[in-house]
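Student: Residue strings, one per chain:
Number of protein chains: 2
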Amino acid sequence: MSDVARETGTTLDIKFNDQGLVPAIVQDATTGDVLMMGWMNQAALDQTLATRKATFYSRSRNKMWVKGEESGHIQEVVEARVDCDQDVVLLRCKSHGPACHVGYHTCFFRAATAEKAEGGLQIVEKRAFDPKKVYAK
Amino acid sequence: MSDVARETGTTLDIKFNDQGLVPAIVQDATTGDVLMMGWMNQAALDQTLATRKATFYSRSRNKMWVKGEESGHIQEVVEARVDCDQDVVLLRCKSHGPACHVGYHTCFFRAATAEKAEGGLQIVEKRAFDPKKVYAK
Numbered sequence: 027m028s029d030v031a032r033e034t035g036t037t038l039d040i041k042f043n044d045q046g047l048v049p050a051i052v053q054d055a056t057t058g059d060v061l062m063m064g065w066m067n068q069a070a071l072d073q074t075l076a077t078r079k080a081t082f083y084s085r086s087r088n089k090m091w092v093k094g095e096e097s098g099h100i101q102e103v104v105e106a107r108v109d110c111d112q113d114v115v116l117l118r119c120k121s122h123g124p125a126c127h128v129g130y131h132t133c134f135f136r137a138a139t140a141e142k143a144e145g146g147l148q149i150v151e152k153r154a155f156d157p158k159k160v161y162a163k
Numbered sequence: 027m028s029d030v031a032r033e034t035g036t037t038l039d040i041k042f043n044d045q046g047l048v049p050a051i052v053q054d055a056t057t058g059d060v061l062m063m064g065w066m067n068q069a070a071l072d073q074t075l076a077t078r079k080a081t082f083y084s085r086s087r088n089k090m091w092v093k094g095e096e097s098g099h100i101q102e103v104v105e106a107r108v109d110c111d112q113d114v115v116l117l118r119c120k121s122h123g124p125a126c127h128v129g130y131h132t133c134f135f136r137a138a139t140a141e142k143a144e145g146g147l148q149i150v151e152k153r154a155f156d157p158k159k160v161y162a163k
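Going down the list, the protein sequences come from chains A and B. Its first residue numbered 27, the first sequence is counted upward by one per residue in our numbering. Its first residue numbered 27, the second sequence is counted upward by one per residue in our numbering.
In isolation and in its complexed conformation, chain A is listed as follows:
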């Protein structure tokens, strides 16, 4: 497919990277909060679109995983979008619990500050849960 067709047409033709993966941003469809970013292979994308549950490919564990399969904090897909280049996916989701395994509502709970001497990051969200109680295994 030509770049122009991919960028402006209506044929789904995801450009996976050389590892067969595409980044997928998860956004809360109600609040607009960006919750997390994961990676998908073709099978994870297909499963996400079929089941409407955000499903990713773990690069560290080398396997597919359904977000929330352990914690119960699933992300129910309201709408899946692709960007112009078709090399990024955006999932607009209904959240069933906080997104971050560290215990926050979103994975983006820290902001960069101008104070490099103090480490450069500042926590800007309240912790939503204790991961030790949710991930018991």
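Calculated directly from the structure, the hints in this document are not laboratory data. No experiment lies behind these values; they were computed from the predicted model shown. Any given hint could be a false lead.
A pair counts as met if it fits within one copy or between any two copies, since identical chains are not told apart.
The calculated EDC-like cross-link candidates involving lysine to aspartate or glutamate, where the alpha carbons are at most 20 Å apart (straight line), are [to be verified]:
{"no.": "1", "residue 1": "LYS142", "residue 2": "ASP113"}
{"no.": "2", "residue 1": "LYS79", "residue 2": "GLU105"}
{"no.": "3", "residue 1": "LYS120", "residue 2": "GLU102"}
{"no.": "4", "residue 1": "LYS79", "residue 2": "ASP29"}
{"no.": "5", "residue 1": "LYS120", "residue 2": "ASP59"}
Once you've looked at the hints, dock chain B against the given chain A.
Tutor: Only chain B this time, still in chain A's reference frame:
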């Protein structure tokens, strides 16, 4: 740095990939819309934080670029965040014009539909400008 320190601490320590790049999501700080995703190397990240203008590294052109340098549609950084793993950046920005070079407000102007026979994508945004008039060069 240990994984735990990186995930929960307040020291900025971005985990760039094997090409020295990190994905950076751009979100409209006012509307919450996810506008685009680009890639940054260390120099682009440093320049973004110093100038507060979203700056990326183009993998196709092999050089840094300031978003909007040609179109004038710059993204003014209100807040920069990092995710738990510190391998994704989120820029909450004040937009100075549409984000997408194809002419839409966001790069995510198409949604995946259930109708694979019809190509699988549907345009869900109105075009904001004619790229031929903005990118004259």
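Student: Flag every earlier hint the structure violates by its number, smallest first.
Tutor: Violated hint: only 4; rest satisfied.
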